[in-house]
Each structure stands twice: as C-alpha cells, then as structure tokens.
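Asks: Listed here are the chains, written in short residue letters.
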Amino acid sequence: MIRFLVGKLAYLIPTFIGITVVAFSFVRLLPGDPVLLMAGERGITPERHAQLTAQLGYDRPVVVQYLDFVMGLFQGDFGTSLATRRPVLGEFFALFPATVELGLCAVILATIIGIPLGVFAAIKRGSVFDQVSMGAALVGYSMPIFWWGLLLIIFFSGILGWTPVSGRIDLLYFFPNGTGFMLIDSLMSGQSGAFTSALRHLILPSVVLATIPMAVIARQSRSAMLEVLSEDYVRTARAKGMSPFRVVGIHALRNALIPVITTIGLQIGVVMAGAILTETIFSWPGIGKWMIDSISRRDYPSVQGGLLLMAGVVMIVNLLVDLLYGVINPRIRHS
Amino acid sequence: MKFAHLLAASTLAVMAAAGAHAKTLVYCSEGSPEGFDAAPYTAGTTLDASGKALYNRLVEFDLGTTNVIPSLAESFEVSEDGLEYTFKLRPGVKFHTTDYFTPTRDLNADDVIFSFLRQASADHPWNQYLPGISYEYYNGMEMPALIKDIEKVDDLTVKFVLNRPEAPFLANIAMSFASIVSKEYADQLEASGNMAALNSQPIGTGPFKFVAYQPDAVIRYAAHDDYWKGREKIDDLVFAITPDPAVRRQRLEAGECHIMPYPAPADIEALKGNDSLEVMEQPGLNVAYLAYNTTVAPFDNAEVRRALNMAMNKQAIVDAVFQGTGTVAKNPIPPTMWSYNDAVEDTPYDPEGAKAILAEQGAEGLTMEVWAMPVQRPYMPNARRVAEMIQSDFAAVGVNVNIVSYEWGEYLAKSTEPNREGAVILGWTGDNGDPDNFLAVLLGCAATGDGGANRAQWCNEEFDGLLQQAKVTSDQAERTKLYEEAQVVFKRENPWATLAHSTVFMPMSSKVTGYIMDPLGTHNFTGVDIAE
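Quick note, the sequences are listed as chains A and B, same order.
Counting from 1, position 53 in the first sequence corresponds to residue 52 in numbering that gives the first Met the number 0; the numbering is continuous, with no gaps.
Counting from 1, position 476 in the second sequence corresponds to residue 475 in numbering that gives the first Met the number 0; the numbering is continuous, with no gaps.
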C-alpha cells in the first residue's frame with residue numbers, strides 16, 4: 000500500500016509544476032492588462048502606465064515573475080490581489096468553505112440519486128423507466144447551467160415562492176463567520192430558524208450544480224451495472240436461488256461501484272467548474288464567483304493563485320479516489 | 000476584540016430575530032466592493048459601499064443635483080485670484096464609534112490634511128499602506144499638479160493653495176476620493192502595525208457605520224447615532240451582493256430586497272407593471288459617441304465628418320438598441336448638466352445631402368473601420384448592434400464599413416493611439432457634474448495623444464480656448480456662456496457623432512420612501528425610510 004501511495008504521490012510533483020506554469024501563463028495570455036482596465040474610458044498616459052506597471056512588478060521579464068511566483072509559493076505566499084490588496088490565500092480560504100459546502104451537497108445529491116437511477120435503469124433495461132431516466136440524464140447532461148438555474152429560480156422562487164432566490168441564508172440572521180460552513184455556523188449560532196434557512200438556501204444551487212454530475216453518474220452506473228449483471232458469478236448467484244435483492248445489492252452493486260467511484264471523483268473537477276456559473280447565478284459567495292471577477296479584472300495574482308489552489312484541491316481529491324479505488328479493488332494496488 | 004464583535008453581532012441578531020422594530024433596508028447591489036477606503040478606488044460599486052455610506056467630504060453634491068454644497072466644511076471662501084480656498088470646518092462632527100475604534104475627539108483640520116496628503120505624497124507613510132496601491136482619481140483629476148499646499152490655519156480651518164485657478168476644484172473635491180478619514184484612527188492603526196485595517200474596518204463621519212462584510216455576499220451597516228446631520232430613519236442598511244440582473248429582479252419581486260440598481264432593459268416594462276414596486280427613472284449623466292480620428296484623412300476634413308453624421312439615422316439606432324431607455328444626443332454633454340446648449344441644432348439625418356457632400360469632398364466610395372466595444376456599459380447596451388446599424392446607414396451613402404472589436408482593455412488602449420484607423424464607439428459617465436469633466440477630459444487638447452481620453456485626437460484652438468477660459472472663471476453664469484459657445488464650435492466641427500444619453504432606472508419596493516436618484520449615478524441611502 001505504501002509503494003502504491005508513493006507512486007501516486009510521485010505523479011503529483013510534475014503535475015503540480017505543470018499547473019504552476021499553466022496557472023501563471025493563462026491569465027497573461029489573455030489580451031488586456033490590469034492597468035488598462037483600471038484606467039477605463041479615462042485613458043492612461045504611457046508614462047503613468049509604465050509607472051503603475053513597474054509598481055506592480057509587471058515590467059520585469061516573465062521568467063523572473065514566474066520564478067518569483069514559485070518562490071513565493073514555497074513560503075506560502077500566493078501573492079496579493081490587485082483589486083482588494085489582500086493576500087490571495089486569505090481571500091481563497093475565506094470563500095472556499097462556501098464552495099465546498101455547495102459542492103459537497105451537489106455531489107451527495109448527484110450520488111444518492113444518480114446511482115439508484117442507473118442501477119434501476121440497468122435492472123429494468125429497455126423498460127419505459129430505463130428510457131425515460133436515461134433520456135432525462137442526457138437532457139441534464141446537456142443543460143446549460145445558467146439557463147437551468149434561472150428557470151428554477153423563476154419557477155420555485157418567483158412563481159411558487161417555495162425557495163429563496165439567492166444567497167446563503169436569510170439576511171435576518173447575522174452571526175460571526177465561524178467555520179465558514181453555513182450549515183454548521185447556523186447550528187452553532189443557536190438562533191432559531193437559522194439552520195432551516197441555510198438549508199433552504201442550499202436547495203436550488205445544489206440541484207443546479209448536481210444536474211450534470213447526476214446525469215454522468217446515472218449513465219455510468221447503468222452501464223457498469225449492465226456489465227456486471229452479465230457476469231458468470233451473477234448468473235451463478237441467481238441459479239443458486241439467491242434473492243434478487245442480494246444478487247443486485249451485494250454481489251453486483253459492489254463490483255459495479257468501482258468505475259462509478261472513479262466517475263464520482265472525476266466529477267469533483269466538473270463540480271468546481273460548474274460552481275463558477277452556479278455561484279454567479281445564486282450570488283453564492285464562493286471561489287467560483289471570485290474567479291470570474293478576478294479574470295474580468297485581470298487580477299493576475301488572484302487568478303493564478305486561485306487556479307493553482309483549485310487544481311490542488313482537484314488533485315488531492317483524485318488522489319483520495321485513487322487510494323479508495325485501491326482499497327476497494329486490491330488488484331489495482333498490487334498491479 | 001473578538002468577543003466584543005461576537006457580542007455586538009449576537010445583540011444585533013437577537014434584535015433582528017425578535018423583530019425589535021429595527022428598520023432594515025436591503026439593497027441588492029451589483030457587485031463586491033474592492034475595499035472600504037474610498038481614495039484608491041474608481042469603481043462605482045466600491046464608492047457606493049464606501050464613500051457614500053461611510054464618509055463625508057468638505058463639500059458634497061446636493062443629493063439629486065450636481066450642485067456643490069458645504070458639508071464637513073460649514074463654509075468656504077475663495078480668494079479673488081482663485082488660488083486659495085479656505086474651509087471652515089463644522090464643529091462637533093463625530094467619527095463612528097465601533098467595537099474596533101472609539102474616537103476621543105471630533106473632526107479637525109488634521110483629519111482633512113491627512114486625508115489629502117496620504118494621496119499626494121509618495122513619501123507619506125500611508126501612501127503605500129497597501130502594497131501597490133494607487134490613487135487614480137486623485138491623479139486623474141490632476142490634483143498633484145493643482146494643489147501647491149494644504150495649510151492648517153487653526154483646528155477648524157484649512158486652507159488649500161493652488162498652483163493655478165481651477166473653477167472645477169470644488170466639484171472635484173466633492174467626489175468620493177476626497178472623503179475625510181480619521182487621523183486618530185490611522186495613528187492607532189499605525190501604532191498597532193495593522194494599517195491594512197483602514198481599508199477593511201473603516202471609520203468615517205458618514206450616515207452609516209460599518210458593521211461587517213462577508214466577501215461577495217453581504218455588507219452590513221448600522222445608522223450612525225451621532226451623525227452630524229441627524230440619525231438616519233433606518234436602523235440598518237444591508238447590501239446583498241447580487242451580480243446577475245435577472246436574479247436581482249427576482250429578489251426584489253420576492254421581497255428579499257427593497258431596492259436594486261441596473262435592471263436589465265428587457266425587464267423594465269414588467270417591473271413597471273408590478274403593483275408592489277415603483278420604478279424611478281432619470282436621464283443618466285452620460286453620453287455615447289462615435290469618435291472619428293480627426294488627424295487621419297479623410298476624417299481630418301470637418302465636412303466629411305458632417306456628411307457621415309448626416310448619413311446616420313440616430314433615432315433608429317436609439318429606438319432599436321436602447322429600447323426606450325435612451326434619447327438621441329446632440330451635444331457632448333447630457334441635457335441634465337448645467338450649461339447644456341439646447342439651442343444647438345443636431346446634424347439632420349439626410350442621406351442624399353451626405354452623399355452630395357462626400358462627392359464634393361472627393362470621399363465617395365470611402366472604406367473605413369467602425370470599432371464596436373465588446374462590453375455593455377451604462378451608456379451603451381449593445382455597441383455591436385449600433386455598429387451594424389451605422390454600417391447599414393453608411394452603405395446607403397456609398398461608405399463601406401468594416402466592424403472591428405478588441406478585448407476591452409485592448410480596446411481602451413488601442414483607441415487612444417494617435418494614428419488609429421477608423422471611428423470608435425465609446426462613451427463617458429460624469430464624475431462630478433462639471434461640464435469640464437466631459438468637455439476637457441474628452442475633447443480638450445491636453446487629452447489628445449497616446450493614452451489620452453480624446454479619442455477623436457481633436458485639438459481645436461477655439462474650442463480649447465473657451466474651455467481654458469471657463470476653467471479659470473469662477474462665475475458660473477460666465478462659465479455657462481463659455482461652455483454653450485464651446486458646444487456650438489463642437490457641432491460645427493463634428494469630431495464625434497453624438498449618439499445617445501441613456502436613462503437610468505431604479506426599481507424599488509413601494510414601501511421605500513425618500514430615495515432620491517443621484518444624477519451622478521451613485522447610490523445614496525441618506526433620508527430613506529421604509530413605510531410600515
């Protein structure tokens with residue numbers, strides 16, 4: 000197991016170096032620079048432009064800037080946001096819990112609905128249920144998040160009034176930002192109704208963010224289950240007179256879950272990407288919305304630091320999934 | 000400190016939860032502030048959350064107008080030569096008392112001098128209190144070249160000595176960048192090594208005091224009990240940050256907020272039809288224009304420019320693109336601005352006449368570029384559509400148009416290049432209500448050249464002479480005449496096609512009373528109340 004772990008970790012080092020290059024280059028490859036955007040319609044003289052560029056350190060050779068960025072990383076310094084002048088790391092971790100809370104809810108929702116949907120579709124292969132559920136999964140997979148989010152807001156919040164439009168909690172509630180996780184903080188606050196309010200605010204964004212992963216998980220579960228159901232040991236189990244529940248629930252599902260877990264792990268990246276749009280629609284104060292603002296302002300340190308941190312999170316999650324995969328399927332570990 | 004914060008927060012929450020008749024106004028703002036110090040920032044979103052809510056200035060704009068009135072200075076005198084401005088400060092003005100600062104004295108001259116010097120001098124210990132900070136408004140309004148000295152005459156008297164007479168000076172220092180901050184608080188922060196807190200835990204003299212900010216989510220303020228103009232009628236002010244206009248509308252309709260800025264043009268009719276809402280509207284202090292490069296042939300010929308303007312059906316453009324949220328512009332300043340010359344006649348829409356002039360000037364069969372900006376701005380909902388309509392209008396008189404566009408930062412930079420090809424669609428929103436802020440900034444000779452805001456590269460001696468004269472004239476009636484005359488010269492020379500002035504809408508719950516729209520486009524909640 001240790002060799003397996005070391006092997007996986009060894010992969011992370013070149014990946015991480017590659018990400019620093021991509022994160023650093025990405026925002027610089029975009030046309031426009033922060034000083035020009037700061038000046039707006041007023042314009043800026045070449046002298047003042049040069050002065051501000053030098054003040055920000057962007058007049059130095061790109062390689063020097065890159066090395067400076069990497070050296071900073073070793074000291075835990077991800078730079079200072081050009082817009083707010085606050086450390087990028089602090090900004091990221093102030094907003095990160097909101098994204099994690101939303102992302103976790105979305106992944107949990109996608110999993111608890113997606114897997115049973117796929118499994119039942121496989122068991123009832125070719126039935127109306129199979130066709131409708133897989134059709135719905137395809138629609139979900141193709142759904143533009145922005146449009147879907149607005150549609151749900153208009154219907155459930157605007158017309159029916161069942162859910163709040165946006166935000167994380169009713170503005171009536173006000174308590175210090177303890178853990179950053181609104182569900183936990185609202186519980187700890189002891190204020191009556193705060194937890195329910197936080198939960199209600201999570202419903203629509205979670206559904207929107209879960210839609211694509213749910214579709215992917217459902218389709219993957221179905222195909223994995225179909226494959227397993229045609230295996231000899233399942234036929235043998237059935238022939239031995241085992242109940243359908245035990246055959247599917249114990250023998251088939253466990254093996255079918257292996258590729259599904261990989262898929263769920265990969266969906267973390269999809270959820271992070273989806274969070275950018277979902278957070279913007281629902282005014283959810285997470286890193287997705289922060290990244291959008293930073294990109295439009297060409298806030299180099301925030302974009303490169305944010306990308307790196309997001310990539311780091313995805314890498315760690317994928318590592319954990321790989322390890323989990325090894326635990327579930329020892330053959331992987333020993334190969 | 001943390002415990003005190005917690006206690007204050009809990010008290011507020013309990014009060015709110017208990018419904019202790021606390022009046023809370025919720026404003027669905029369009030974005031997050033970059034900070035709460037008004038001096039280093041230029042974005043309206045940031046200045047609404049800082050300059051307007053938390054601070055005052057020596058002089059301010061009378062709400063709802065662009066008239067400058069005394070504020071922290073209860074009176075001021077201008078010397079005969081226009082070089083000295085002496086401000087008499089209002090006694091007894093209190094700074095905010097919060098859980099992180101308790102002032103021991105009232106506002107005095109030291110606070111005023113500190114607020115300006117920290118921006119003026121690179122050597123000032125507070126100039127770079129945040130790494131890489133710059134004071135773009137202070138520089139943009141030419142304060143470094145203008146202010147020679149700031150003297151403390153006594154505790155309640157400050158004298159500004161200028162290098163040259165400058166009539167717009169008062170309007171300039173009524174802007175948010177000139178907000179007065181507490182020197183006592185700054186000294187305390189400097190001593191504790193926590194200077195960055197000036198930007199995150201602000202202290203001002205304004206109508207509201209800062210309570211808390213949750214990034215990208217919510218800003219909370221409480222009424223300043225000792226406000227020198229009297230306590231506000233609402234107890235708490237909340238900015239619920241909601242970037243998407245469609246979602247802002249939903250929140251307003253669902254009662255999650257009382258007031259919202261910048262509705263989507265397509266939503267305005269529906270909002271007006273909602274009985275529980277009221278939609279205030281006002282002409283924006285802005286202009287959208289098409290600037291020719293007057294240094295490049297054939298656009299260096301005023302007749303060619305006039306012919307092109309005659310070929311353009313501006314009413315059709317405004318109808319199609321602004322959809323009832325704009326009016327055709329004939330002058331480079333908006334009609335709500337003093338000195339607007341309504342006697343100026345706009346270039347008529349006359350394609351046949353345009354064709355004849357172009358033939359006469361040897362410019363028939365002209366091929367040119369029209370630049371369309373890639374973003375939506377308050378003065379321009381869809382530049383690409385405008386460019387397409389201009390392309391079609393110009394084709395009718397034999398002028399071929401290629402539409403080009405660049406990324407926004409590039410667009411802003413490239414459009415200032417002196418040898419630029421083509422005509423540029425752009426616009427401007429006024430900073431301070433002074434005509435100089437439009438005419439000199441956008442059309443003055445000093446603004447030509449690389450990086451200048453004079454995208455027409457138009458330097459007309461007669462026009463510029465009138466502006467310079469107006470700048471050193473303190474009598475507003477006299478200045479009005481000069482600016483009116485300048486607009487006549489502008490229309491004769493046609494360096495731009497003036498396209499439109501947009502209308503600004505402000506939907507709000509009909510329970511909200513006392514809200515006054517600011518022609519400068521800021522959002523100010525002084526005097527606002529909520530009907531029970």
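Worth flagging that the hints you see were computed from the coordinates, not collected in a lab.
Predicted model, so just to flag it, every value in this text is computed and none were measured.
It cannot be assumed that every hint is accurate.
[What the hints assert, rightly or not] From the structure, some residues in chain A lie toward chain B, with a derived Cβ separation under 10 Å:
id : residue
1  : V20
2  : Q64
3  : R84
4  : E278
Even for Gly, the Cβ is constructed at its ideal location relative to N, Cα and C.
Asks: For every hint, state whether the structure bears it out.
Replies: Hint-by-hint comparison with the structure:
Here the hint on V20(A) is broken, as its CB sits about 23 Å from the closest CB of chain B, past 10 Å. Residue-level restraint check for Q64(A) is violated (minimum Cβ-Cβ distance to chain B is 14 Å; threshold 10 Å). For R84(A), the shortest C-beta to C-beta distance to chain B is roughly 4 Å, which falls under 10 Å, so the interface hint holds. Of the supplied interface hints, the one on E278(A) holds, with its beta-carbon coming within about 8 Å of a beta-carbon of chain B, less than 10 Å.
This entry does not satisfy hints 1, 2, going by the numbered hints stated previously.
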